[in-house]
Amino acid sequence: MDFNDTAQEAAFRTEVQTWLTANIPSEAELQDLDYIQRAKLWQKRKYEAGWACIRWPKAHGGRDASAIEQVIFNQEEAKFDTPDGIFSIGQGMCAPTMMTWATDDQNERFMPPLASGEEVWCQLFSEPAGGSDLAALRTKAVKDGDDWVVNGQKIWTSGAHYSDYGVLVLRTDPDLPKHQGLTYFFLDMKSPGIDIKPIRQISGGANFNEVYFNDVRIPDAQRLGAVGQGWQVALTTLMNERASIGGGGGGVNFNSVFELAQTVDLGDRPAIEDPSVRRKLADWYVQESGLKFTGYRSMTALSKGEIPGPENSIGKLVGAPKQQDMASFALDLLDQAGIIWDEAHSANAGLFQATYMASPGLRIAGGTDEIMANIIAERVLGMPQDIRVDKGIPFSEVPTAS
Amino acid sequence: MNFEFSDEQNMLREQAQTFLRAECPPQAVRQVLDGDAPFDRGLWQKVVEMGWTATAIPEAYDGLGLSYLELSVIAEELGRALAPIPFSSSVYLATEAILMAGSEAQKTAWLPKLASGAVIGCLAAAETSGQPTAGKLTVQFENGKLTGSKRPVADGDVADLAVVVAASADGPVLCLTDLNQAGVARSGIKTLDPSRSHAEIRFDQAEAEVLGGLGEGWHLLQALYDRAAVLFAWEQVGGSETALEMAKEYSLGRFAFGRPIATYQAIKHKLAQAYVKNTLARGNCYYGAWALSTDAEDLPIAAASARVSATQAYYYASKENIQTHGGMGFTWEFDCQFPYRRSKLLAVNIGSEAIWQEKLIAAIEAQRAA
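Quick mapping for you: the protein sequence lines, in order, are chains A and B.
Going letter by letter, the first sequence gives residues 1 to 402 in the working numbering.
Going letter by letter, the second sequence gives residues 403 to 772 in the working numbering.
If you are wondering where the hints come from, they were derived from the structure by calculation, not from laboratory data.
There could be a bad hint or two in this list.
[Said to hold, decoys possible] Which stretches of chain A does chain B cover? Using the computed rule of at least three CB atoms under 8 Å from a CB of chain B, they are:
1. 47 to 53
2. 288 to 294
3. 310 to 317
4. 378 to 391
[To be verified] Calculated Cβ distances over 10 Å to all of chain B for the following chain A residues:
5. Ile-194
6. Pro-198
7. Asn-348
8. Met-372
[Claimed, not checked] Simulated restraints, written as ranges between beta carbons of each label pair:
9. Gly-305(A) with Trp-734(B): 49 to 55 Å
10. Gly-655(B) with Asp-195(A): 48 to 54 Å
11. Leu-235(A) with Asp-464(B): 54 to 60 Å
12. Phe-657(B) with Val-227(A): 46 to 52 Å
13. Lys-304(A) with Ala-424(B): 30 to 36 Å
14. Ser-132(A) with Gly-655(B): 24 to 30 Å
15. Phe-659(B) with Arg-138(A): 36 to 42 Å
16. Phe-659(B) with Leu-238(A): 57 to 63 Å
17. Phe-659(B) with Lys-304(A): 41 to 47 Å
18. Lys-190(A) with Arg-656(B): 33 to 39 Å
19. Gly-617(B) with Glu-378(A): 54 to 60 Å
20. Asn-348(A) with Arg-443(B): 36 to 42 Å
21. Phe-657(B) with Lys-304(A): 54 to 60 Å
The C-beta atom is built at its ideal place from N, Cα and C for all residues, glycine as well.
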C-alpha cells in the first residue's frame with residue numbers, strides 16, 4: 001500500500017499542475033464579471049487548451065483521458081479557487097445521456113459547445129408530484145405531426161434561467177403503467193411557451209426554478225430512445241450523477257469546527273478543552289477520514305483500470321447530515337452570538353450560519369437521505385424493493401392526493 | 403495511488419476464509435461459550451500450524467517475517483469468525499510488546515515460542531473499574547519481583563507469559579513474567595463474553611524482568627495500544643460484517659404482514675446505516691494498516707481513527723442484528739448473542755471508546771502543534 005502516483009500518473013499530474021499554474025484566471029481578469037461569465041471564461045480557456053471534459057472522446061471536445069486522469073485533474077483543479085458549478089449537470093449528466101442515446105450528428109452539433117461552456121444545459125426531471133418517486137411525473141407530451149406538444153410543470157431545475165438546452169422526461173401515455181408511459185427528449189430552453197420562475201430557498205439563494213410548459217413544441221428528432229423508453233434513458237442520466245471521488249468538500253468540516261473550538265470559550269476555558277466537545281469532534285473526524293480513505297480505495301480501482309466497488313455510495317448519506325450537525329454544533333459553541341448572520345460580524349464570515357441554512361437542501365437534492373439508504377439497501381446489500389401499490393396499473397388510475 | 407491489499411494478501415484472505423468456515427463455524431463459538439474449556443484448543447493448534455501466530459515476527463526469531471498488512475487480513479477474518487482463541491492477547495499484545503520494547507535476549511527467549519504457539523502470551527494492565535492512569539497502578543515491581551493483583555486479564559488463565567504494567571520506584575514499568583511459577587496465582591472470572599476467557603492474576607513476589615526502560619512503562623503501554631488498536635479494529639470490522647450479514651439473511655427469510663421484513667424501510671435503513679458505519683471503519687482501518695506497516699508518524703491518529711470508528715460500527719451492527727431478529731435474537735439458541743458479546747469485549751479490552759476519542763483529538767493537537 002502506498003499513496004503514490006504511478007510514474008505515468010505523476011507525469012500527468014505535473015503536466016496538469018504546470019498548465020493550471022500558468023492559466024488560472026487572475027483577479028484582474030475576473031473582477032468585472034458575474035459568476036456565470038467567470039465560469040464561462042475559465043471553461044473556454046480549458047477547452048481551448050484541451051483540458052475540458054477530458055474523459056470525453058476527442059471528437060466531442062474531450063481528451064480521451066482515463067478515469068484516474070480525470071480524478072487527478074479534479075484534485076489539482078480543486079487546489080485553486082476556480083469558478084465552476086454551472087456546467088456540472090450538463091457535462092456530468094446530460095452529456096453521457098446524449099452520447100449514449102443521441103445521433104452522431106446531434107452529438108457533433110451539441111457536445112463541443114457543451115464542453116467549451118458556450119452552451120449550458122440543465123436537467124428537467126422533478127415535478128411537484130414526482131420527487132423521490134420521479135417516475136410519477138405528469139408533464140404531458142402529445143404527438144402533433146413531427147412535433148410533440150408539451151404542457152405541465154417541472155420543479156427544482158438548477159440553472160434553468162441561464163441554460164441554453166435541457167433534457168427532460170415526459171408522460172406520453174398516461175394509460176400505461178407508471179414507468180412505461182414515459183419518453184425522453186432534449187429541448188431548446190428558449191422555445192416559445194417556456195416560463196421560468198426562480199424558487200427562493202431558505203438559505204437565501206435562488207438557484208432552483210419552476211419551469212412551466214405551455215404548448216411548448218419539441219421536434220420528434222429530439223427524442224432520445226423510443227417512445228415509452230424514457231425511464232431506461234433517464235437511468236443513464238441518474239447513474240451519471242457525479243461520483244464524489246477525491247473531492248475536498250467545502251462548507252463546515254472538522255477543521256473549521258476544531259479551530260472554532262480553540263477560539264471560543266465554554267465556561268472559563270476554550271471549548272476544545274471540554275471532553276464532550278472533544279468526543280464529538282473525534283466522531284466527525286473519523287467520519288471524514290473514513291470517507292477520505294474510502295475514496296482512496298476507489299481511486300486505486302480506477303488507477304488499475306477497474307470499476308470501483310459500491311463503497312462510494314455512502315458519501316452523500318454521511319456528508320450531508322454531518323455538515324448539518326457540525327454547523328448546528330458550531331452555532332451552539334458560539335452561544336448567543338450564534339444567531340448573528342452577518343459577514344462582518346459572524347465567525348468565519350458566517351460560514352456556520354450559511355451551512356446551517358444550506359445543509360437541509362444537501363440532504364434532499366440528488367436523492368434524499370431516505371432514498372440513498374434505500375439505494376444502499378437494495379443495490380449494495382441486495383435487499384428487495386419496497387412494495388409498490390402503483391405497480392402494474394395504468395398511471396391514470398394511480399391514487400393521488402389531488 | 404495503491405491503497406488496496408495485494409493479490410497475494412487477497413489470496414491469504416481467501417485461504418483464511420475457507421479455513422475458518424470449516425474450522426470455526428458458529429457451533430465452535432457456542433461450544434466455548436457453553437462449555438468448560440477456556441478456548442478452542444483444536445482451532446488454536448490449527449491456527450498455529452497455519453503460521454498465523456508467527457505472521458509479523460521476523461525470520462530471525464523463527465517468524466514468517468510478513469508485514470502488518472498480512473496480519474490485518476488475518477485479524478479481520480478471525481474477527482469475522484468470532485474465533486474463540488487467545489489470538490489478540492498473544493499476538494497483538496504480548497508479541498507486539500516484545501517486538502517493540504524487548505532486549506535481544508528477551509526476543510530470542512520468547513519470540514520463537516510465541517511464533518510456534520508453544521507459549522501463549524497476554525497483557526495484564528487493568529486493576530480497577532474506570533479509566534486507568536499511571537498514578538493509580540497498585541501492582542508493584544521491586545528488586546525483580548512483582549506483587550499485587552490484576553483483573554481482568556484477557557486469556558490470563560490460559561497464558562504462559564504475561565506483559566505486566568506495574569509501578570516501581572522509578573515510575574511505571576512494563577515487566578515480562580512467566581506465569582507458570584510459584585509466585586503466581588490465577589483464577590478464572592465470569593465475563594460478558596464467555597467465548598473468550600479472562601482471569602484475575604495475583605502476584606506474590608513473582609519473578610519478573612523489565613521490558614523496555616524503567617519508568618517508561620506508561621509511555622510504552624500507550625505505544626503498544628496504538629499498534630494493537632489497528633489489529634483490534636480489523637477484528638471489529640470483521641465481526642461487524644458478520645452481524646450485518648446475519649441481520650440481512652434473517653430479514654430476507656422472515657415474513658411479517660405478508661412480506662419479508664427486508665422489504666420494510668425501517669429494516670432496510672437500519673442495515674444501510676450498518677453498512678455505512680462498516681465502510682467508514684474499513685476505510686480508517688486501511689489507513690491504520692498502512693500506518694502500522696510503514697511505522698508512520700501518523701500511527702497515533704490512524705490507530706485511534708480505526709479504533710473509534712470500528713468500535714462504533716461493531717456496537718451498532720451487533721445490537722441492530724438482535725433487533726432485526728426480534729424475539730428470536732434474544733434467545734440463547736440463536737447466534738446473535740455472539741457478536742453482541744464480542745463487540746463489547748473488543749471495545750473495552752484495550753481502552754474504551756471515550757479513551758480513544760480523547761487520544762485521537764490529543765494526537766491531532768500534537769500534530770498541529772509540531
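Evaluation of the provided hints:
1. 47 to 53: With 0 residues close enough to chain B, the hint is violated.
2. 288 to 294: Per the Cβ count (6), the hint holds.
3. 310 to 317: holds (count 3)
4. 378 to 391: holds (count 9)
5. Ile-194: Ile-194(A) is indeed farther than 10 Å from all Cβ atoms of chain B, at 37 Å.
6. Pro-198: The assertion about Pro-198(A) holds, with a minimum of 33 Å to chain B.
7. Asn-348: Asn-348(A) clear of chain B: closest Cβ-Cβ about 18 Å, beyond 10 Å.
8. Met-372: At about 8 Å from chain B, Met-372(A) fails to clear the 10 Å cut-off, so the statement is violated.
9. Gly-305(A) with Trp-734(B): 49 to 55 Å: Given about 50 Å between the Cβ atoms, the range holds.
10. Gly-655(B) with Asp-195(A): 48 to 54 Å: holds (53 Å)
11. Leu-235(A) with Asp-464(B): 54 to 60 Å: holds (58 Å)
12. Phe-657(B) with Val-227(A): 46 to 52 Å: violated (40 Å)
13. Lys-304(A) with Ala-424(B): 30 to 36 Å: holds (32 Å)
14. Ser-132(A) with Gly-655(B): 24 to 30 Å: Check passed, 28 Å falls within 24 to 30 Å.
15. Phe-659(B) with Arg-138(A): 36 to 42 Å: At roughly 31 Å between Cβ atoms, Arg-138(A) and Phe-659(B) fall outside 36 to 42 Å, so the hint is violated.
16. Phe-659(B) with Leu-238(A): 57 to 63 Å: For Phe-659(B) and Leu-238(A) the Cβ distance comes to about 31 Å; the hint is violated.
17. Phe-659(B) with Lys-304(A): 41 to 47 Å: holds (46 Å)
18. Lys-190(A) with Arg-656(B): 33 to 39 Å: violated (56 Å)
19. Gly-617(B) with Glu-378(A): 54 to 60 Å: This hint holds: roughly 58 Å between Cβ atoms.
20. Asn-348(A) with Arg-443(B): 36 to 42 Å: Taking Cβ atoms as reference, Asn-348(A) and Arg-443(B) lie about 60 Å apart, which means the hint is violated.
21. Phe-657(B) with Lys-304(A): 54 to 60 Å: Distance hint for Phe-657(B), Lys-304(A) is violated at roughly 43 Å.
Of the hints listed earlier, those the structure fails to meet are numbers 1, 8, 12, 15, 16, 18, 20, 21, in rising order.
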